[in-house]
Amino acid sequence: MGFNSFKRALWAYHINTGSCNGCDIEILATLTPRYDVERFGIVLVGSPRHADVLLVTGPVARQMASRVKRVYEQVPDPKMVIVVGNCGIEGDVFHESYNLVGPVDQIIPVDVYVPGCPPRPEAIIEAVVKAWVKLEKAEQGVR
Amino acid sequence: MVSLPFWNPVICIIAFAILTAIACLFTSRGQKKYKKGTAQTEVFLSGEEPPAVEQRHIKSHNIYWGFFKTLKEYYDPTVRAHTGIVNDFIIWFIAIAALTAVILLIASLT
Numbered sequence: 001m002g003f004n005s006f007k008r009a010l011w012a013y014h015i016n017t018g019s020c021n022g023c024d025i026e027i028l029a030t031l032t033p034r035y036d037v038e039r040f041g042i043v044l045v046g047s048p049r050h051a052d053v054l055l056v057t058g059p060v061a062r063q064m065a066s067r068v069k070r071v072y073e074q075v076p077d078p079k080m081v082i083v084v085g086n087c088g089i090e091g092d093v094f095h096e097s098y099n100l101v102g103p104v105d106q107i108i109p110v111d112v113y114v115p116g117c118p119p120r121p122e123a124i125i126e127a128v129v130k131a132w133v134k135l136e137k138a139e140q141g142v143r
Numbered sequence: 144m145v146s147l148p149f150w151n152p153v154i155c156i157i158a159f160a161i162l163t164a165i166a167c168l169f170t171s172r173g174q175k176k177y178k179k180g181t182a183q184t185e186v187f188l189s190g191e192e193p194p195a196v197e198q199r200h201i202k203s204h205n206i207y208w209g210f211f212k213t214l215k216e217y218y219d220p221t222v223r224a225h226t227g228i229v230n231d232f233i234i235w236f237i238a239i240a241a242l243t244a245v246i247l248l249i250a251s252l253t
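Each protein sequence line maps, in turn, to chains A and B.
Counted the way the numbering used here counts, the first sequence spans residues 1 to 143.
Counted the way the numbering used here counts, the second sequence spans residues 144 to 253.
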């Protein structure tokens with residue numbers, strides 16, 4: 001797979017909107033020596049202003065809605081959003097909770113969904129690659 | 144006799160120009176896609192709304208944190224004494240005036 005427009009490393013910012021931490025642990029697992037996504041240039045960064053991709057976990061608790069929206073707005077264009085886990089996709093076991101305003105795609109636009117409770121690291125990596133391809137196309141559109 | 148270190152303003156100017164050129168090089172290679180005037184150029188505070196520009200400063204209390212920490216034994220009772228109630232200040236005033244009068248009286252007798 002050759003990239004023509006997006007030639008640098010892909011930086012991702014991870015935000016937890018009320019997750020049980022299961023998906024967060026799987027995201028961290030992708031960075032461990034077994035999967036080691038950093039060898040492909042995929043790095044987790046500490047600020048959305050440095051990121052190309054937003055990794056969102058959790059079903060969006062009421063208190064987190066404005067925060068996730070603000071974080072999304074702080075990511076420079078073009079940007080991709082990946083929702084990791086069933087909670088962010090449709091609420092999963094929390095879907096009837098009084099304190100949820102999600103799922104994520106009701107708050108911010110989502111590009112890639114990764115179902116699972118929690119999803120396997122391989123699925124998360126595949127989603128990031130899909131986002132990367134989409135970002136490549138978006139980057140060409142910007143030029 | 145203490146010898147002065149080497150000093151030449153021309154070298155300083157050249158060094159400043161080189162450092163400025165390096166800074167400009169770094170800046171020119173930075174991310175250009177940030178949209179000015181949007182949240183993309185705002186301060187990131189873990190998703191919290193950043194305070195107004197005039198509110199972004201380090202409070203003097205933070206600067207003197209170590210000072211207050213070191214002198215905690217002194218400041219704690221004095222801060223407690225400053226209740227903000229006028230009656231308390233008057234009582235302190237009368238007490239200190241009485242103590243001063245007693246000291247002066249003893250001093251005048253000896």
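By construction, these hints were calculated from the structure, which means they are not laboratory data.
It is possible that part of the hints are untrue.
Below 27 Å or equal to it, Euclidean Cα-Cα: the simulated DSSO-like pairs (lysine-lysine) are [to be verified]:
hint, chain 1, residue 1, chain 2, residue 2
1, A, K137, B, K176
2, A, K69, B, K178
3, B, K212, A, K69
4, A, K7, A, K134
5, A, K7, B, K176
6, A, K69, A, K134
7, A, K137, A, K69
8, A, K134, B, K215
9, A, K7, A, K130
Some chain A residues well away from chain B (every beta-carbon gap over 12 Å; in silico) [said to hold, decoys possible]:
hint, residue
10, Y13
11, I25
12, R34
13, R39
14, H50
15, Y72
16, E73
17, I89
18, D92
19, S97
20, Y113
21, C117
22, V133
In this text, a Cβ means the ideal position worked out from N, Cα and C, and glycines have one as well.
Comparing the hints with the structure gives:
Between the alpha carbons of K137 of chain A and K176 of chain B the distance comes to roughly 16 Å, so the proposed pair stays at or under 27 Å and holds. A threshold of 27 Å between alpha carbons decides the hint, and for K69 of chain A with K178 of chain B the separation of about 17 Å falls inside it, so the pair holds. Between the alpha carbons of K212 of chain B and K69 of chain A the distance comes to roughly 39 Å, so the proposed pair goes past 27 Å and is violated. Among the hinted pairs, K7 of chain A with K134 of chain A is consistent with the structure: their alpha-carbon atoms are about 13 Å apart, no more than 27 Å.
For the hint linking K7 of chain A to K176 of chain B, the alpha-carbon distance of about 15 Å falls within 27 Å, and the restraint holds. Only pairs whose Cα atoms come within 27 Å are accepted, and K69 of chain A paired with K134 of chain A is accepted, the gap being roughly 21 Å. Among the hinted pairs, K137 of chain A with K69 of chain A is consistent with the structure: their alpha-carbon atoms are about 24 Å apart, no more than 27 Å. For a cut-off of 27 Å, the pair hint linking K134 of chain A to K215 of chain B is broken: about 58 Å separates their Cα positions.
Restraint check: the Cα-Cα separation between K7 of chain A and K130 of chain A comes to about 15 Å, which is no more than 27 Å; the hinted pair holds. With 12 Å as the threshold on Cβ separation, the claim that Y13 of chain A sits away from chain B is violated: the shortest Cβ distance comes to roughly 10 Å. Consistency note on I25 of chain A: stated as away from chain B, and its beta-carbon is indeed over 12 Å from all of that chain's, at 20 Å minimum. Here R34 of chain A stays apart from chain B, with its beta-carbon at least about 29 Å from theirs, past the 12 Å limit.
In this structure R39 of chain A is separated from chain B by more than 12 Å, as the shortest Cβ-Cβ distance comes to about 24 Å. Its beta-carbon lying about 8 Å from the closest one in chain B, H50 of chain A breaks the requirement of being farther than 12 Å from that chain. Here Y72 of chain A does not stay apart from chain B, with its beta-carbon only about 9 Å from theirs, under the 12 Å limit. Listed as outside the interface, E73 of chain A is inconsistent with that label: its C-beta sits roughly 4 Å from the nearest C-beta of chain B, within the 12 Å cut-off.
For I89 of chain A, the non-interface assignment is confirmed: its Cβ lies about 21 Å from the closest Cβ of chain B, beyond the 12 Å cut-off. Against chain B, the non-interface label of D92 of chain A holds: every CB pair exceeds 12 Å, the least being about 22 Å. The beta carbon of S97 of chain A sits about 21 Å from the closest Cβ of chain B, which is more than 12 Å, so the claim that it is off the interface holds. With 12 Å as the threshold on Cβ separation, the claim that Y113 of chain A sits away from chain B holds: the shortest Cβ distance comes to roughly 22 Å.
Distance check for C117 of chain A against chain B: the nearest CB is about 25 Å away, which clears 12 Å, and the non-interface claim stands. The claim that V133 of chain A lies off the interface holds: its Cβ sits roughly 19 Å from the closest Cβ of chain B, which is beyond the 12 Å cut-off.
Of the numbered hints listed earlier, those contradicted by the structure are 3, 8, 10, 14, 15 and 16.
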